[in-house]
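Engineer: Read off the chains here:
Protein chains: 2
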Amino acid sequence: MPVRPPIAGLDLPGVYLLRSMEDSFAVHTHLEAQAPRSAVIIGGGYIGLEMADALTHRGLSVTVVEHGASVLKNFDTSLGQHVAAELRRHGVQVVSGVGIEDIVQEGAQLRVGGSEGFSTSTDLVLVGVGVQPVTDLAQSAGVTLGVRNAIRVSRAMETNVPNTYAAGDCVETWHHLLGRPTYLPLGTTAHKQGRIAGENAVGGCREFAGTLGTQVVKVFELAAARTGLRDTQAVEAGFDPLTVESTYWDHKVYYPGAHELRIRVTGDRKTGRLLGAQMLGYWHGEVAKRIDVFATALFQGMCIDDLNALDLSYTPPLSSPWDPVQMSAQAWVKQNR
Amino acid sequence: MPVRPPIAGLDLPGVYLLRSMEDSFAVHTHLEAQAPRSAVIIGGGYIGLEMADALTHRGLSVTVVEHGASVLKNFDTSLGQHVAAELRRHGVQVVSGVGIEDIVQEGAQLRVGGSEGFSTSTDLVLVGVGVQPVTDLAQSAGVTLGVRNAIRVSRAMETNVPNTYAAGDCVETWHHLLGRPTYLPLGTTAHKQGRIAGENAVGGCREFAGTLGTQVVKVFELAAARTGLRDTQAVEAGFDPLTVESTYWDHKVYYPGAHELRIRVTGDRKTGRLLGAQMLGYWHGEVAKRIDVFATALFQGMCIDDLNALDLSYTPPLSSPWDPVQMSAQAWVKQNR
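For the protein sequence lines, the chains are A and B, in the order given. One gets my numbering by counting positions in the first sequence from 1 and adding 467 to each. One gets my numbering by counting positions in the second sequence from 1 and adding 467 to each.
Among the hints, a few may not be true.
Calculated cross-link-like contacts (lysine-lysine; reagent style DSS-like; alpha-carbon spacing at most 30 Å) [as the list claims (entries may be wrong)]: (1) B:K540 x A:K719; (2) A:K737 x A:K540; (3) A:K801 x A:K719; (4) B:K737 x B:K801; (5) A:K801 x A:K540; (6) B:K737 x B:K540; (7) B:K540 x B:K801; (8) B:K719 x A:K540; (9) A:K719 x B:K719.
It is worth saying that the hints were derived from the structure and are not from the lab.
Bound conformation, chain A alone (with noise of 0.2 Å):
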């Protein structure tokens, strides 16, 4: 369920948690009967992103406030920055470092207030930071819990009571690099989960190999995506991290309509080995299938020099003879020398 952030004011009509179908159902019965014509965003999470997408192309004016230092937490905040110019070209008003306090009515409209002396009114609010697991079943049933109140499961996706499974955004997650558990509810895992539970379930012996926190959210035109460790969580593995940043051309730029790609790779110094990337660009420059090569090659355990070897596709319209992710791997190990 959608994580309540303690703001008051969370159950006045028009403002809106996002989490399940239902949500989206009345929001959008919301726009239709009501036609508001401004929109507070409460989190800068790839949710609050791509509805403050959707809502600017519906037209309305929309203010995004995130409590942290950028949007998209979960990137760098050198592409942090891209994606909240991105936002504001479009329009959106970006408003980072600020926590959202309290939201009243006030005539027709809300006005919503917070911390540094934020204070705004509106026409609808909607609140996207994160989910929780709900487990208060399964606890009542004598099934352990975990990382954040998730139910503990085993490789095989079994709980602590016999021959029973759990699955999705309710469990704890396997992390392939960490080597340990870890909570990251996305719809990829909970399909692999979900197979791997119910394989077992009749019989089945699966293991679940893990998340490497693959993820891509589209931003505008921009796509961002991101794979395995970034430098805090590689430090905290025991890696000695190293981040190389790089900028391409995300196809030959003697053919029309070639865009910037932003990529980041993480690597261990020591070892040469691949950690993590992250990547941002035009949302129809293959940035989501080439974040996958990073992510296939980070399952296989492969080093960032050897991402060289790789025979990868090429035509001018979309790519390199180097594809930019062996470019990106080149400027990493160079960087490294």
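Assemble the complex: chain A is given as a structure, and chain B must be docked to it using the hints.
Structural biologist: Relative to chain A, chain B alone:
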């Protein structure tokens, strides 16, 4: 240099063999100066189809004549037929199973004649039927030649003449899966070989990991991509191949702009090992970098079923929670039971 097929009249004005920068400048000058209204392209490989796309965009009426049964012969026919349909949808005449025999001047035009009674008049003829290595100089210097008279090189890119290295379209190419040299002149491979030859020439110690035959070509609004072995090659290499074709949306169909994505997966029946993949879809449907997920998995020797464990990126405008790569893997596994 370009293969010069046994066709009478190749030296007539208005007939161009495609290979070098000079060839392309000459064609460009001809287009500007003569303003031809029609063109016959001999050869339905990727160069021929890229020219068909480009000349159609310039307003010429284009005919592609292919000797074989289908265009894009290094793809399976079921995909080649969709590419032919895409060419026809954009007004290109596609003639297959015809070998061109002669070109004769006929007033201001060229008459192109071939087998099966083929005969047509045109303003411009382009010939793109492959390339061959130019190795006379090397041979006269005592360098041993190999496959198709390309220069024989070790995995270190060294010729039989000590301290003499060679790379690019003039050399044999080691095949990562076949475990033997082939002739596969591609820009991606040339770049990798050149880097290794250069590094070793100055005292380095690298080996070329080999090609997988990864390729992508854009033809109008389609991209066709492939990597690894097709059935016939797999049989030659001692495998027991099964190829399964399946079709998906390239992203969630509820998000605007979804297109069909056809995937053919080839694997070994006994071991379940991935041997190759071919893909055809909308050129902005991330076809090129999706084939690269297969290429990365192939390079690492993965089994098809294990593709389902990969943590690939998902957002509704760009993929599905199970990426089409994974759904095609599931289709293969199901059919191999």
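Engineer: Check the structure against each numbered hint from earlier and tell me which ones fail, lowest number first.
Structural biologist: none
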